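Peer 1: The lines below spell out each chain.
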Amino acid sequence: MKGMGNHALINKGVNMKNKQLFALKLKRQLVWYSFIIVSILTLGILTYLPMLTTIKYSFHDTQVLGFGEEKFIGLLNYQKIVNNSSFLKSIANTFILAILGLASIPIGFVLASLINNIGKSKWQSLFRVGFYFPNIITGVSVVLIFQIVLKANGGLLNNALSLLTGQKVTIGWLSDSRFSHLGATILSVWGSMGYSMLINLASLQSIPSEIYEAAEVDGASGFKQWLYITIPQMTSCFVFLFITSFINGLARFSDLFIIGGNTSAGRPGGTLQTILMYIYQFSFETPQYGIASAGAMILFILTFTITMINLKLTGFFKKK
Amino acid sequence: MKAKKIRRAIIIVILLIVLCIILIPLVWSVILSFDRKALSSLPPFSLVPHEPSLFNYEVAFKTIPLVRYYLNTILVTALHTIIAVLFAMMCGYAFAKGNFWGKKFWFIFMLAVMMIPFESRMVPLYLQYKKWGLLDTYAPLLLGGFAYVYGIFFSKQNIEAIPDSLRESAYIDGASEWRIFFRIILPLSKPLIATLSILQILSNWNSYLWPLVVIRSAEKQLISVGVSVFNAQQDAIYYGPRMAVAVVSAIPLSIMFLFLQKYIVQSIAVSGIKQ
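Line by line, the protein sequences give chains A and B. All letters in the first sequence, in the order written, are residues 58 to 377 by the working numbering. All letters in the second sequence, in the order written, are residues 7 to 281 by the working numbering.
If we strip away everything but chain A, and leave its shape as in the complex, we get:
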């Protein structure tokens, strides 16, 4: 009898201990969750939910939202949109502009190489800061300034070109549909080359100097060092800049919207309408959410594909 009582007592004690341990464990869990729960909820409600809604809308006839039933129409929105010439044009515009915008990478690389060449000094920090400065200028100011710099009559660029060629140049860089892609690229490259220079420079300076010293001992010329050491070592930097620049290019909106006088028509002549401006047009100017959502899905798929290629190239999956 006495032994059994003891046993029960011990059992009870173990149970209590287990319960306490469990409570403690649970408390620890809750403490950690208290750090992340707000962000989880935010992402759930403000990111995943709307994304799922986009997918849903893209398969529904939601011309007049909130009035009557939303009808499932399968791929009709997609069919409509890929047969729509102005959507196809907006995709073409987006890609042309994104590809032209890549010019900031070689420009940034050349600048970074020159700046790196002069060695760590006051000059180097001056150039680093100076060339980066345009990147810090508020986007809307850049557009306002370049609307004047690229003006057909009396604009800075045309004046400079007139001086160089000896003839009067009056190209409407932002008003003539034949030149608007170039004009919009000048504006964006001016703003982004400083960023490209900075990333290139950081990457150049992280190449271990021993490699160059060894090459010097072997008698490799400056050009050979550049070709066989610098370029291969810079590949991952180029890939990174290529991907970020391209993804930014796919989502280009603000500057072109402002150039078009705060409309999404892509003035001049629709040549500057990007995918996102097309989506905006069918969301807020002439609302047809089904069409807009199909467009948003196509933009998502494009961005997603490029991101996945990037992760594959940078070996993100291998590490995990």
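The hints are all genuine.
BS3-like mimics (lysine-lysine), calculated; alpha carbons at most 25 Å apart, straight line:
#1 K10(B) x K281(A)
#2 K84(A) x K109(B)
#3 K8(B) x K179(A)
#4 K137(B) x K128(A)
#5 K369(A) x K110(B)
#6 K226(B) x K137(B)
#7 K84(A) x K74(A)
#8 K179(A) x K11(B)
#9 K113(A) x K128(A)
#10 K226(B) x K68(B)
#11 K136(B) x K226(B)
#12 K43(B) x K68(B)
Chain B side only, calculated, beta carbon under 10 Å to chain A, not exhaustive:
#13 V119
#14 G150
#15 A153
#16 F187
#17 I229
#18 S230
Note that these hints are calculated values from the structure, not bench results. None of the values given here were measured: they were computed from a predicted structure. We treat Cβ as the ideally placed atom computed from N, Cα and C, and that holds for glycine.
Guided by the hints, dock chain B onto chain A, whose structure is given.
Peer 2: Positioned in the frame of chain A, the structure of chain B alone reads:
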């Protein structure tokens, strides 16, 4: 040795010339903004205003509520930055040092968001806020800050580097995780806080599309959208006042840059990401 020095001097001269060319548009816009002659026609390029005056700035401040836009933008930028950085670091701490069920799942749950561009979920998000009656308030501009995904990822990497021994000794003293976070982790993460704040300020000051969509009343608008509306109304003329507006809206970040250039340049280079 001498050849090398000459080469270096030549490179410096080339870079100086290129830098001047690149900065000319900025210089010219500042000069135009002080030029009384720049109103309905564009005066030729000069290094000093043809007729120096503050007229353009007067016109600018009279035509649009620039001060109001300024205050709105500063308020939104400051709040968003504080929220985003604090909550990103909280998550970063939990993922770096915490040990809880579903940690890996939630981390991927957050990282995956980086592949969903904001633009592809913008319309339903707008409709959600419409349903909640929150359009034309600052809620849509601020609430997203509670999940700053890039910041979470960056914080996790940085906080992981803080040695565990510091935490353990605080633990023994009976400190809670929250206390450790505020008393040990935050003070040790000043460079991290600086980097994330700089990235946040830059992107908030420039945000355009989302405020354009959710803010309807003119007096609540942020500077970028407000200025662009003004610009669209003036169409082709009014050069001087437009340049004055451009200068005014670019000034805060430029001044911040001049004072913090070393940190900003470093932050951008380290983070490798602008937005």
